[in-house]
Amino acid sequence: MKEVLKVDNVTQRFGGLVALDHINMYIEPGEIVGIIGPNGAGKTTLFNVVTGIYTPTEGKVYLEGRDITGMKPHKIAEAGFSRTFQNIRLFNKLSVMDNVIAGMHTRRKSNLVDALLHTRRYREENRQAEEKSEEILKLMDLWEDRYLLANSLPYGHQRRLEIARALATEPKLLLLDEPAAGMNEQETNELREMVLQLKSMGHTILLIEHDMKFVMNICDRIYVLNHGEPISDGTPAQVAHDKAVIEAYLGEEE
Amino acid sequence: MFLQQLINGITIGSTYALVAIGYSMVFGVLELINFANGSVYMLGAYITLMIYVNMLGNFWLSFALSLVLTGMVGYCIDRFGLRRLRSKNVPKVTGLITTLGISQVIEHGVRIFFGSETKAFPNMIDFGYVKVAGATIGSSQVIILCTSLVLMICVSLLVYKTKLGKAMLAVSQSSEASKLMGINVNGIISLTFILSSSLAAVAGTMVGMYYQNVDASMGFSVGMKTLASAVLGGVGVLPGAMVGGLLMGIFESLGASYVSSGYRDAISFAILIAVILVKPTGLFGHKQINKV
Amino acid sequence: MNRLFEFCARNGWKITAVVLAAMIVFPFVVTSSYVLRIAITVLMYIMLSLSLNLLVGHLGLMSMGHAAFWGIGAYTAAILSTRFNVSSLGTFLAAMVIAGVFGMILGLPVLKLKGYYLTVVTLGFCEIIRLVELNSMNLTNGPLGISRIPSLNFFGVVFKSSRSVYFVALALVVLTVVVIYRIVNSRIGLAIMSIRDDDIAASSIGVNVFVYKVMVFIISGMIAGLAGAFYAHYISYIDPSGFTTGQSMDLVILAIFGGLGSIPGAILGAAVLTILPETMRALMEYRSLIYGIVIVIMMMVKPDGILGKVNFKYIRQRQQMEKASGKEGAQA
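Residue numbers (this note's numbering), protein chains in the order written: chain A, 517 to 770; chain D, 791 to 1082; chain C, 188 to 519.
Next comes chain A alone, as it looks inside the complex:
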């Protein structure tokens, strides 16, 4: 069984700054894996490396055994990694539904000629797109809002829409960057239910989070970063009791 993601000794330098220092990580299909660490630990940088926004200074990234190091972001998305962003990046002038259908871009094949001539492939794909978007929107509980503009949604819904759009790419790995950020207790619980449901549907998920309760309750395994360095990994229970982790978050015990 191939690992969905393998991060092999990745180091990311920006000039003199070492943002990531020899990171090793793997994810098996169907897992929910979390990345935690204090602010500035390099978590989002790692996401950016995995999704192709940065090319790592050293090391390699593998998608189901295939070396994707340095590939362009849109190619990696096509290959099967899909993500959400720390600061929400929705297509604000498009409707909720169009955001999701836009997400299906790489899975649809109709081209300019099809669009101009309304060929059968075009019409067929349009119909499928509408069906699929209905599935996803109902799953993320956004179906009622489907024709509203993305930026008119309340914050929590916007975060869900980003996830919905990422799902539309039919990803092999879903990367969620602080999906619960800014959510209240109830919204966080709803989000947790949705993520667990995604797992039960067979999705593999890598998420960054600051909300400890959320992470501990949902992840199969956790990696801990601090100052770009890996300081621990394991099950939630193991990590919670790891001295190094406690130190990183709370400072050294005197």
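Any given hint could turn out to be false.
Derived lysine to aspartate or glutamate pairs resembling EDC-like cross-links, with alpha carbons at most 20 Å apart [to be verified]: (1) C/Lys-500 <-> A/Glu-650; (2) A/Lys-591 <-> C/Asp-386; (3) C/Lys-500 <-> A/Glu-647; (4) A/Lys-654 <-> A/Glu-706; (5) D/Lys-882 <-> C/Asp-491; (6) A/Lys-518 <-> A/Glu-650; (7) D/Lys-956 <-> D/Glu-821; (8) A/Lys-588 <-> C/Asp-491; (9) A/Lys-654 <-> C/Glu-509; (10) D/Lys-878 <-> C/Asp-491; (11) D/Lys-953 <-> D/Glu-966; (12) C/Lys-510 <-> A/Glu-660.
Keep in mind that the hints were calculated from the coordinates and are not lab data.
With chain A fixed as given, assemble chains D and C onto it according to the hints.
Leaving out everything else, chains D and C in the frame of chain A:
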């Protein structure tokens, strides 16, 4: 020949620098390209001429009045055109288009009111010329160059050495933080507009004297070139604008004589495009960091 | 106003059919040559506005070089027809191809540029093209321009009367509207608009941003070139002064006035701003002055343009959704 073209180029380039400074300063505090700057340049020259010919008969007084009036026009552009846009939540392109519209209003307003034919402009600084190493240097060139340099130094001193200048720099970094520090942001922006318009008026009048004519379309073409100069030097960077203006003048002058005079304007743009493609932020510009 | 938009959204197709019918009947009802010529000009500006809108409104790149493609198309048609006796079909196709190539020439280098840098380069491009037109005596006759361009000529049939030229223009506009509409409402259109709204997010869902940017430059250039070819045959004389950066800026004003990213907006903007100066029997001077005043006021009052924020497709979808849930409520 080369020296002559170089001298001509530096002279005209120094006037470009003055206008380019205006673009850079406004961009610095507002992140906006003031398309009306070129038309204000033309307006300054026209107002000087019209007051001189039709009212006062004293050139220097007319010039001074023109500076004041043009500065006021600059103030009005911001106060009545742009300030209200800042309080609303408008797309970034709105301010740009507003200044575009204002430039059209000014240029074509001048055409309608003053006529679109080329008008003669007196050269009040023609005191003869000297010959140096085979090149002719006219008094107008020397005076224009010196005036521009003095103004550039003054602006630099203002921006980098005075409290007011520091306020301008602060606003260009973050208007929000500046407000919190008690800086009157709107006032600084107004001042920037007044300053950039007055500089443009000086440049316009000097160029009018140099070529001894003005016409309503001079603003548009110079506006484009000086915008290109500011971008060449790195928009928002003051020394960049000055260097950009001088370089643009030199390239234009050399290009016109060595390549082809018909393509004179194209050369400036071609160089600008080449620089932007190689270093997109211009010669002295800062890289914009895009957080993902 | 919202009621009006809702009405339009609901009856979109009917309204389009009525408008189209009116435009077909128009030249038989109104026979004044002067009015027909204005109509033809409006139609041409609609083409220019729609093609620019694709670039500025749907893709979100503020290009101020559009007049260059118009000019390239016009000159291609003029040169081919005056020197090589190519018929209009040939000149139209050639104009589109050449303008498209230039679209690529402009589009490729600017791929990585953002914001104002892009705008300035497009300005420079427009100016350089104009200067080439002005200085290539051999190719373009320089400042003298090309005159005695033959009238529209398809398969041996000459279109000389205002009415016949009008129908050619109308056909071109209908073609343009259909092409742009189909592009915008397809997977390609969504990709393009996603780049506008957030190009990094667009990459993250697999959109090859570079390819689509170049594609839009090419398509919008081709349509402007087509308009240029038509213009050359219609006006029968062209010179470089008709395709300046000033013209490019006027076109931007047309597109923004009607509403960026809106197809009916682009049409409306072109129509209103072309007809308006004519109703005042204006000189060239007044036209630009009017544009300036109009756009400044518009930016203060409605910065998104008249139809900028109005998305008829979404309004119609919401209406259908309400109707459907209303039915369910009634059945329950």
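| message | With the threshold set at 20 Å, check whether the alpha-carbon distance from D/Lys-878 to C/Asp-491 stays at or below it. | response | Within the cut-off at roughly 12 Å; holds.
| query | Is the hinted pair A/Lys-588 and C/Asp-491 satisfied, with a Cα-Cα distance of at most 20 Å? | reply | violated, 34 Å
| message | For a C-alpha distance cap of 20 Å, please report whether D/Lys-953 and D/Glu-966 respect it. | response | holds, 18 Å
| Pairwise hint evaluation, D/Glu-821 against D/Lys-956, where the allowed Cα distance is 20 Å at most | holds, 17 Å
| request: Decide if the proposed pair is consistent with the structure: D/Lys-882 and C/Asp-491, CA atoms, cutoff 20 Å inclusive. | output: The given pair, whose Cα atoms are some 11 Å apart, holds under the 20 Å limit.
| message | Between the alpha carbons of C/Lys-500 and A/Glu-650, is the straight-line distance 20 Å or under? | response | Since the Cα atoms of C/Lys-500 and A/Glu-650 sit roughly 18 Å apart, the hinted pair holds (cutoff 20 Å).
| Hinted pair A/Lys-654 and A/Glu-706, Cα distance within 20 Å | holds, 14 Å
| said: Need the status of pair C/Lys-510, A/Glu-660: alpha-carbon distance at most 20 Å? | reply: holds, 14 Å
| Pairwise hint evaluation, A/Glu-650 against A/Lys-518, where the allowed Cα distance is 20 Å at most | Given that 20 Å is the threshold and the Cα spacing comes to 31 Å, the pair is violated.
| message | Next pair to validate is A/Lys-591 with C/Asp-386; report whether the Cα-Cα distance is within 20 Å. | response | Measuring from Cα to Cα gives roughly 14 Å; hence the hint holds.
| Hinted pair A/Lys-654 and C/Glu-509, Cα distance within 20 Å | Within the cut-off at roughly 18 Å; holds.
| Straight-line alpha-carbon gap C/Lys-500 to A/Glu-647, limit 20 Å | holds, 18 Å
Of the numbered hints listed earlier, those contradicted by the structure are 6 and 8.
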